[in-house]
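A.B. asks: Generate coordinates for the entire structure from the input sequences, incorporating the hints supplied.
Single-letter residue listing:
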Amino acid sequence: MKFLTTNFLKCSVKACDISNLNFPLEYDGSKCKLVQNEDIEFQPEFLLNILDRIDWPAILQVAADLGNTSLPSQKPELHTNMDELNEEELVILRDLHTLLLQTSITEGEMRCRNCGHVYYIKNSIPNLLLPPHLA
Amino acid sequence: MLPTPYIKCDYNKVYEPSEDSFLVLDSLEKDLVYLREKFKNRVTFVCELGPGSGIITTFMIQNEIPNRSNSLYFSVDINPWALDTTLTTAKLNGCSETNCYLECIQSDLTTSIRKRQVDILVFNPPYVPAVNVPEIPSSKENLDQWLDLALLGGKDGMVITQRVIDQLDDILSPTGVAYILFCARNKPEQIVSNIIETCDLWNIDLVKHRKAGWEVLSVYRFSRK
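Residue numbers (this note's numbering), protein chains in the order written: chain C, 1 to 135; chain X, 1 to 225.
Possibly wrong hints are sitting among the right ones.
What the hints assert, rightly or not - With a Cα cut of at most 25 angstroms, we get these calculated BS3-like pairs of lysine-lysine:
| hint | chain 1 | residue 1 | chain 2 | residue 2 |
| --- | --- | --- | --- | --- |
| 1 | X | K30 | X | K225 |
| 2 | C | K122 | X | K155 |
| 3 | X | K40 | C | K75 |
| 4 | X | K115 | C | K75 |
| 5 | X | K8 | X | K91 |
| 6 | X | K115 | C | K14 |
| 7 | X | K225 | X | K38 |
| 8 | C | K122 | X | K13 |
| 9 | X | K115 | X | K38 |
| 10 | X | K40 | C | K122 |
| 11 | X | K13 | C | K14 |
| 12 | X | K91 | C | K33 |
| 13 | X | K8 | X | K140 |
| 14 | C | K33 | C | K122 |
| 15 | X | K115 | X | K225 |
| 16 | X | K187 | X | K211 |
| 17 | X | K13 | X | K91 |
| 18 | X | K91 | X | K140 |
| 19 | X | K30 | X | K40 |
| 20 | X | K140 | X | K30 |
| 21 | X | K40 | X | K115 |
| 22 | X | K225 | X | K187 |
| 23 | X | K211 | X | K155 |
| 24 | X | K8 | C | K122 |
| 25 | X | K225 | X | K40 |
| 26 | X | K211 | X | K30 |
| 27 | X | K140 | X | K13 |
What the hints assert, rightly or not - Estimated spans, in silico, between C-beta atoms of each pair:
| hint | chain 1 | residue 1 | chain 2 | residue 2 | range |
| --- | --- | --- | --- | --- | --- |
| 28 | C | E77 | X | A184 | 51 to 57 angstroms |
| 29 | X | L32 | C | P72 | 37 to 43 angstroms |
| 30 | C | E38 | X | S193 | 50 to 56 angstroms |
Read the hints as simulated data drawn from the structure, not as lab findings.
Ideal Cβ positions, reconstructed from N, Cα and C, are used throughout, including at glycine.
C.D. replies: If you want it as structure tokens, here you go:
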């Protein structure tokens, strides 16, 4: 599962929906296996559009869970027109490309910060199903 | 006509694509221009519920619906075999990690997806009427039970579809649109007029309608007013 996907997954427990702790899930850095695929090509426009729609605090949080604390605390504000992007901005987008699209969690686990339920990632597929007593 | 994905999978594990899947493909093809226009120049979150063989998600990637380089495709199924098969089908048709964003997630419908994120929802549900919706199999190896779960929709075949319709406002993004398949025994006209009477959120349009063997199938599009 790609890093970016963490920005769309929440706890499946219905009761956690009224809490603001159900997103993002808390990833266990010691148990998550990260894999980098450098063959995924950099498309600055895609990254610019992704940046526009992601929840930045959640990105920061998951990155920190996985040991990356180098991201800026505020969402970078870049030119929205591709042609106006300068070198510095391209570097930012390239770094985000590496993190969000090239980095996958192939094995690992994550828990809800509200109810504590633990979910697993196996063979790159996250399993968000609940056991019958919680569903 | 847009090309249809090549499918080769174990039909003991997922259902073979049939008229219902093809009607969804035809509906998406019919709405191609509408979807491209609606979601141009932005990231589009595409979510298919219950992909089975993966034919619909793969068709969307292959034919750039609504666009390929700007879309995130999520295939969500409760059935682990469907997720494995969807990944295989995508690969078989040249969709790989390096040329598209495809994520397979094991989940009970959209319960694990952050609210109001889905731009295009596609759902070919378990629509066959049955006494009950089957229980979730306790083991991955209970193949017949997984197949039943993909087919049987409880009373009027509507139990699972109704769950999605009831949640639609929480599922779809502010510009979101959903494509949902019904069979005649689901009484779609009645369902649609009920929704229109009781809630003022949706434009609901019949996209495609077809008699297929002894079934009459239809695909409706739900879009926010």
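A.B. asks: Confirm or reject each hint.
C.D. replies: Here is what the structure says about each hint:
Under the criterion of a C-alpha separation no larger than 25 angstroms, the hint pairing X:K30 with X:K225 is consistent with the structure, at around 21 angstroms. Only pairs whose Cα atoms come within 25 angstroms are accepted, and C:K122 paired with X:K155 is rejected, the gap being roughly 35 angstroms. Between X:K40 and C:K75 the CA atoms are separated by roughly 23 angstroms; this keeps the pair inside 25 angstroms, and the hint holds. A C-alpha spacing of about 21 angstroms is found between X:K115 and C:K75, which places the hinted pair at or below 25 angstroms, so the restraint holds.
Our distance criterion of 25 angstroms between C-alpha atoms is met by X:K8 and X:K91, whose separation comes to about 11 angstroms. Annotation: proposed proximity of X:K115 to C:K14 holds, straight-line Cα distance about 12 angstroms (limit 25 angstroms). Distance restraint check for X:K225 and X:K38: the Cα-Cα separation of roughly 14 angstroms lies within the 25 angstroms cut-off, and the hinted pair is therefore satisfied. Taken as a hint, the C:K122 and X:K13 pair is honoured in the structure, with Cα atoms around 20 angstroms apart against an allowance of 25 angstroms.
A hinted pair counts as satisfied when its Cα atoms are at most 25 angstroms apart, and X:K115 with X:K38 qualifies at roughly 20 angstroms. Straight-line distance between C-alpha atoms of X:K40 and C:K122 comes to about 34 angstroms, which puts the hinted pair past the 25 angstroms bound. With a C-alpha separation of about 29 angstroms, the suggested pair X:K13 and C:K14 falls outside the 25 angstroms cut-off, and the hint is violated. For the given pair, X:K91 sits about 23 angstroms from C:K33 by alpha-carbon distance, which is consistent with the 25 angstroms threshold.
Simply put, X:K8 and X:K140 have alpha-carbon atoms about 21 angstroms apart, close enough for the 25 angstroms limit, and the pair holds. With a CA separation close to 10 angstroms, the supplied pair C:K33 and C:K122 stays within the 25 angstroms bound. A hinted pair counts as satisfied when its Cα atoms are at most 25 angstroms apart, and X:K115 with X:K225 qualifies at roughly 18 angstroms. A threshold of 25 angstroms between alpha carbons decides the hint, and for X:K187 with X:K211 the separation of about 15 angstroms falls inside it, so the pair holds.
Under the criterion of a C-alpha separation no larger than 25 angstroms, the hint pairing X:K13 with X:K91 is consistent with the structure, at around 18 angstroms. With a CA separation close to 23 angstroms, the supplied pair X:K91 and X:K140 stays within the 25 angstroms bound. A distance of roughly 17 angstroms separates the Cα atoms of X:K30 and X:K40; the hinted pair therefore holds under the 25 angstroms criterion. Restraint check for X:K140 and X:K30: the C-alpha separation of about 37 angstroms exceeds 25 angstroms, so the hint is violated.
Between X:K40 and X:K115, the direct Cα distance comes to roughly 22 angstroms. Compliance with the 25 angstroms bound is thereby established for this hinted pair. The straight-line distance between the Cα atoms of X:K225 and X:K187 is roughly 23 angstroms, inside the 25 angstroms bound, and the hint therefore holds. Under the criterion of a C-alpha separation no larger than 25 angstroms, the hint pairing X:K211 with X:K155 is consistent with the structure, at around 22 angstroms. Under the criterion of a C-alpha separation no larger than 25 angstroms, the hint pairing X:K8 with C:K122 is consistent with the structure, at around 24 angstroms.
At most 25 angstroms may separate the alpha-carbon atoms for a hinted pair to count; X:K225 and X:K40 meet this at roughly 19 angstroms. The hinted pair formed by X:K211 and X:K30 meets the criterion: a straight-line CA distance of about 18 angstroms does not exceed 25 angstroms. Restraint check for X:K140 and X:K13: satisfied, since their Cα atoms lie roughly 10 angstroms apart, inside the 25 angstroms limit. For C:E77 paired with X:A184, a C-beta distance near 53 angstroms keeps the hint of 51 to 57 angstroms intact.
In this structure the supplied range 37 to 43 angstroms holds for X:L32 paired with C:P72, their Cβ-Cβ distance being about 39 angstroms. With their beta carbons about 54 angstroms apart, C:E38 and X:S193 fall inside the hinted range of 50 to 56 angstroms.
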